[in-house]
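Participant: Here is what each chain is made of, one letter per residue.
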Amino acid sequence: GENVEQHPSTLSVQEGDSAVIKCTYSDSASNYFPWYKQELGKRPQLIIDIRSNVGEKKDQRIAVTLNKTAKHFSLHITETQPEDSAVYFCAASTPGRRALTFGSGTRLQVQP
Amino acid sequence: GAVVSQHPSWVICKSGTSVKIECRSLDFQATTMFWYRQFPKQSLMLMATSNEGSKATYEQGVEKDKFLINHASLTLSTLTVTSAHPEDSSFYICSARAGQGSYTEAFFGQGTRLTVV
Chain A
3 GENVEQHPST LSVQEGDSAV IKCTYSDSAS NYFPWYKQEL GKRPQLIIDI
53 RSNVGEKKDQ RIAVTLNKTA KHFSLHITET QPEDSAVYFC AASTPGRRAL
103 TFGSGTRLQV QP
Chain B
5 GAVVSQHPSW VICKSGTSVK IECRSLDFQA TTMFWYRQFP KQSLMLMATS
55 NEGSKATYEQ GVEKDKFLIN HASLTLSTLT VTSAHPEDSS FYICSARAGQ
105 GSYTEAFFGQ GTRLTVV
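Chains A and B supply the protein sequences, listed in that same order. Position in the first sequence (from 1) plus 2 gives the number in the numbering used here. Position in the second sequence (from 1) plus 4 gives the number in the numbering used here.
Note that these hints are calculated values from the structure, not bench results. Idealized CB from N, CA, C, for every residue including glycine. Be careful, since some hints might not be right.
[What the hints assert, rightly or not] Now the in silico label distances, taken between C-beta atoms and shown as ranges: (1) B:S77 with A:Q111: 24 to 30 Å; (2) A:Q111 with B:G65: 28 to 34 Å; (3) B:P90 with A:S14: 30 to 36 Å; (4) B:N74 with A:H9: 34 to 40 Å; (5) B:V7 with A:N5: 28 to 34 Å; (6) B:S87 with A:H9: 34 to 40 Å; (7) B:E67 with A:A31: 27 to 33 Å; (8) B:E109 with A:A31: 15 to 21 Å; (9) B:G105 with A:H9: 37 to 43 Å; (10) A:A31 with B:W14: 33 to 39 Å; (11) A:E81 with B:S87: 48 to 54 Å.
[To be verified] Pulled from the structure, derived: some chain B residues nowhere near chain A, Cβ distances all over 10 Å: (12) K18; (13) Q46; (14) K70; (15) T82; (16) Q114.
So that you can see chain A by itself, here it is in the shape it has in the complex:
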C-alpha cells in the first residue's frame, strides 16, 4: 500500500523566515495531496491541497509544489508567524482508496 515519508520531524525558524517541509510517496497512482495543520489537542485542519495534474498551488503565505516524476511534494510557508507553530502533516490518497495516508508529521516552532 501507500507509504508517505515526511521530513524533517522538527523545524525551528525565526519569525519572518521561510519554512519548508518535504514528503515523498510510494504509490504512483496517488492523485490527491493535502496538507493538514494540527494544534495540540485539536483536530487536523486542511491548509492547502494539490491535485496530481497541478505542479504548484499558492494561497497567500502558503504554497505546495508537486513533482510527480520524483513522487515528492513540499509545503512552503513564507513570512512565518508565531501562530504558524503547530504540527503539519502531509497526506496522499489514490482514486480507488479514499482514505488518506499520512506522513509522520513535522513539529514547526516559530520563534518570536
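Go by the hints and put chain B onto chain A.
Facilitator: Below, chain B alone, put in the same frame as chain A:
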C-alpha cells in the same frame, strides 16, 4: 466547511469494559468514514474504513473483534473498543470526505482521548 462531530471528547474507563465513540457528519452525507488512531507526538494511523450499510474494512494488524465499527446511517459511524486494556489508551479520531470525488476535502472530528485504567 463541512462539520464532523465526535463524541465524547474524552473518556476514562476501567480495564475490561467497553467504550463507544460516535462520529457524525452534521451537514453532509458520508457513505464512507475513516477511523484513525494517534499516539502522542505521532502520526494518524488508519484503523479502518467504515462503509454505510456494509462491513467495515480493517487495516492490517487491527483486530476487528476488538474495534467494532458500525455505520448504520449516512451520517453516523460508531467505534466500540471492546474489553479495553491500558494499551488501548490513545487518541481516536474519525474523518469523512464529502462527496465521492477523488479531490474532496477530508473533515475530521475533534477526536476522543481514551484512557483505560
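Participant: Taking the hints in turn, state whether each one holds.
Facilitator: Hints, one by one, checked against the model:
For the pair S77 of chain B and Q111 of chain A, the beta carbons lie near 42 Å from each other, so the given range of 24 to 30 Å is not met. Take Q111 of chain A and G65 of chain B: their Cβ atoms lie about 33 Å apart, and the range 28 to 34 Å holds. Between P90 of chain B and S14 of chain A the beta carbons are some 34 Å apart, a value that agrees with the proposed interval 30 to 36 Å. Between N74 of chain B and H9 of chain A, the C-beta spacing of about 38 Å keeps the proposed range 34 to 40 Å intact.
The hinted window of 28 to 34 Å between V7 of chain B and N5 of chain A holds, with their beta carbons roughly 31 Å apart. Between S87 of chain B and H9 of chain A the beta carbons are some 39 Å apart, a value that agrees with the proposed interval 34 to 40 Å. Take E67 of chain B and A31 of chain A: their Cβ atoms lie about 29 Å apart, and the range 27 to 33 Å holds. For E109 of chain B and A31 of chain A, the hinted distance range of 15 to 21 Å is satisfied, since their beta carbons lie about 20 Å from each other.
Evaluation of the 37 to 43 Å hint for G105 of chain B and H9 of chain A yields a failure: the beta carbon distance comes to about 30 Å. In this structure the supplied range 33 to 39 Å holds for A31 of chain A paired with W14 of chain B, their Cβ-Cβ distance being about 38 Å. In this structure, E81 of chain A and S87 of chain B meet the distance hint of 48 to 54 Å, their C-beta atoms being roughly 51 Å apart. Every CB of chain A lies more than 10 Å from the CB of K18 of chain B, the least distance being 24 Å, so the non-interface label holds.
Non-interface call for Q46 of chain B relative to chain A: violated, since the shortest CB-CB distance, roughly 7 Å, does not exceed 10 Å. Interface exclusion of K70 of chain B from chain A stands, the closest Cβ pair being 20 Å apart, more than 10 Å. Annotated as non-interface, T82 of chain B keeps its C-beta farther than 10 Å from every C-beta of chain A; the closest such distance is 18 Å. A beta-carbon of chain A comes within 10 Å of the beta-carbon of Q114 of chain B; the shortest separation is about 5 Å.
Taken one by one, the earlier hints fail for this structure at numbers 1, 9, 13 and 16, listed in ascending order.
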